[in-house]
Amino acid sequence: MNLILEEKKNADGVVIVSVKGFIDTSTSSAFEDVIKKLYSESATKIILDLSNAEFISSAGWGVMIAYLKKMRNGGGDIKLASMNEKVERVFKLMEFDNLIDSFKTLDEALKSYKG
Amino acid sequence: MTLEKMTTDKKNDFLSLTVPAENKSLQIIRNFIVQSLEHSFNKNNVYELEVCLNEICENIVKYSYEENKNGNILIKIKIKSDIIRVIIIDTGKPFNILEYQPPDKDMLVKNEIKGKLGIRTVQTICDKILYKRLKEKNRTEIIKKVK
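Residue numbers (numbering that gives the first Met the number 0), protein chains in the order written: chain F, 0 to 114; chain V, 0 to 146.
Source of the hints: derived by calculation from the structure; they are not laboratory data.
The C-beta atom is built at its ideal place from N, Cα and C for all residues, glycine as well.
Here are the simulated distance ranges between beta carbons:
1. F:N1 / V:K134: 31 to 39 angstroms
2. F:T104 / V:D126: 32 to 40 angstroms
3. V:L73 / F:K8: 43 to 51 angstroms
4. F:S39 / V:N110: 16 to 24 angstroms
With a cut-off of at most 27 angstroms between alpha-carbon atoms, the simulated DSS-like pairs for lysine-lysine come out as follows:
5. V:K143 / F:K91
6. F:K113 / F:K35
7. V:K146 / F:K91
8. F:K35 / V:K113
9. V:K143 / F:K85
10. F:K35 / V:K23
11. V:K127 / F:K85
12. F:K103 / V:K42
13. F:K36 / V:K113
14. F:K85 / V:K144
The task is simple: from the sequences and hints, build the whole structure.
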C-alpha cells in the first residue's frame with residue numbers, strides 16, 4: 000500500500016479525507032491533488048483522518064501547511080484527527096501543533112467545526 | 000537496473016544498504032532502518048531516525064542527483080550502545096545539508112511554504128549532523144542518542 004485517499008463529505012459540509020499508507024515525496028503530489036481539488040471546489044472545511052497514515056515526511060506536512068492559509072481565508076481549515084503515536088511525536092517535535100489543530104478522535108475534530 | 004544490496008559487516012559492526020537514487024527506493028530505505036533497529040530500540044526513536052534518513056535521501060535524489068537516476072545511495076548504520084550513527088554516501092553533486100538555512104516556523108503558514116521542511120526536520124530531531132565532501136562523494140552523517 001502506497002497511498003490511498005478517500006473523501007467523504009458530511010451534512011455540515013465538512014470533508015473527511017482518510018489517509019491510508021504513507022506520504023513522502025513519491026506520493027505527496029497525489030495528496031496535493033486532492034487538497035487542491037477540494038479548494039477549487041470551495042470545500043474548505045477539511046479533516047484529515049490520519050488513523051491509517053503510517054509515515055508522513057516533510058513533503059506531506061508541507062502540503063498541509065501550504066494550504067492552511069487558503070482554507071482559513073475561505074472560511075474553513077485543515078484539521079488533523081487520530082494521528083498514531085509516532086507520527087504525532089514528530090508533529091509535535093517540529094512544533095507543527097502550533098500551526099495545525101489536531102484532535103485525538105474524528106468525533107472531536109468534527110465537533111470543533113460546530114463550535 | 001535495480002540495485003538493492005544489504006550487507007552486515009561483523010568485523011566493523013555495521014549494516015549497510017545500497018539502492019538506486021530514485022524516489023522508488025525511499026520505501027526500501029525506510030524499511031531497512033526500521034528492520035535494523037526496531038527490535039532493540041524505542042519505536043518513537045526508530046521512527047524519528049526513519050523520518051530523518053528519508054528526508055536526507057529525498058534531498059539527495061532531488062538536489063544531488065537532480066533526479067537523473069544515474070547514481071546510488073549507500074547507507075550504513077552503526078550502533079554503539081545507545082548511540083545510532085547513520086552514514087549516507089552518494090556520488091552526486093556537492094550537497095551540504097549544513098549550508099541550508101531552514102525557514103522560520105512562524106513564516107511557514109504566512110508565506111504558504113511547502114518545501115525546505117526536510118532539513119528543518121533533520122536539524123530538529125538529530126543530535127548531530129556531519130558532512131564531508133570526499134573523493135567526489137557526499138558523506139552525510141546523522142547521530143542520535145536513543146532509548
